[in-house]
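**Student:** The primary structure of each chain is shown beneath.
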Amino acid sequence: DTGVSQDPRHKITKRGQNVTFRCDPISEHNRLYWYRQTLGQGPEFLTYFQNEAQLEKSRLLSDRFSAERPKGSFSTLEIQRTEQGDSAMYLCASSPTGQGAPNEQFFGPGTRLTVL
Amino acid sequence: AQSVTQLGSHVSVSEGALVLLRCNYSSSVPPYLFWYVQYPNQGLQLLLKYTSAATLVKGINGFEAEFKKSETSFHLTKPSAHMSDAAEYFCAVTPRGWNNAGNMLTFGGGTRLMVKP
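Here the protein sequences line up with chains A and B, keeping their order. According to this note's numbering, the first sequence is numbered sequentially starting from -6. According to this note's numbering, the second sequence is numbered sequentially starting from 8.
Be aware that a few hints might be false.
Derived, one-sided and incomplete: chain A residues facing chain B with beta-carbon distance under 7 Å [said to hold, decoys possible]: (1) P36; (2) F38; (3) A46; (4) L48; (5) E49; (6) F58; (7) A60; (8) A94; (9) E97; (10) G101.
On the chain A side, residues computed to face chain B include the following (Cβ under 7 Å) [stated by the list, open to error]: (11) Y41; (12) P63; (13) G65; (14) F67.
Okay, the calculated beta carbon distance ranges per label pair [claimed, not checked]: (15) A:P63 with B:Q52: 27 to 33 Å; (16) A:Q43 with B:S34: 21 to 27 Å; (17) A:P63 with B:S91: 38 to 44 Å.
It is worth saying that the hints were derived from the structure and are not from the lab. Glycine residues also receive a C-beta, built at the ideal position from the N, C-alpha and C atoms.
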């Protein structure tokens, strides 16, 4: 298994454009998470999926953001009408579901978004 | 709401010296605690985690961390720094309890470790 992959690794766009990122989790992992990391800060939780169901969304996820995981495998994160404040690293992580103590979340390399 | 504080955004040590990276959490019930490392252009990698067993947790690459409830701390240490330890380190928490089925992580602001030859 090659781990969590994200595409693209870098995206430069102009303000007002729409962008879409893709995350491919580790194949047997039921859970998939999206986090955002701005320069000099720690990652912040955005949303997570259990299989295809989106179970939690952060207040950080404005109406311009939408995430899907249609078949419970890969996920997409779309940002509509991008703003300069959306510039950040978008991280995807996956983990298996388990009882009791949380399982390790495995992170992808991230997609760095720059909004001009 | 819980939070995580990492004192010192930058820490510089000499090769072979002790590494100490500080992490304090704030929550009424001790959470699950994690340390992650991030190398340039790579994803976060788990170093170690505290669930509820021994308070001294050993991780990969010679790192360990001690959970101290009285101090609400989970500091990361390594006896002897190596050049390859230079990276960004993040402390993270997720609360215990039935209402946190998703185990979403709350991260500290990170500490950049620099190792001088």
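**Student:** None of the hints should be skipped; say for each whether it holds.
**Tutor:** Structure-based check of all given hints:
no.: 1; hint: P36; verdict: 5 Å, holds
no.: 2; hint: F38; verdict: 4 Å, holds
no.: 3; hint: A46; verdict: 11 Å, violated
no.: 4; hint: L48; verdict: 6 Å, holds
no.: 5; hint: E49; verdict: 5 Å, holds
no.: 6; hint: F58; verdict: 16 Å, violated
no.: 7; hint: A60; verdict: 14 Å, violated
no.: 8; hint: A94; verdict: 4 Å, holds
no.: 9; hint: E97; verdict: 5 Å, holds
no.: 10; hint: G101; verdict: 5 Å, holds
no.: 11; hint: Y41; verdict: 5 Å, holds
no.: 12; hint: P63; verdict: 19 Å, violated
no.: 13; hint: G65; verdict: 15 Å, violated
no.: 14; hint: F67; verdict: 16 Å, violated
no.: 15; hint: A:P63 with B:Q52: 27 to 33 Å; verdict: 29 Å, holds
no.: 16; hint: A:Q43 with B:S34: 21 to 27 Å; verdict: 24 Å, holds
no.: 17; hint: A:P63 with B:S91: 38 to 44 Å; verdict: 40 Å, holds
Against the hints set out earlier in the document, violations occur for numbers 3, 6, 7, 12, 13 and 14.
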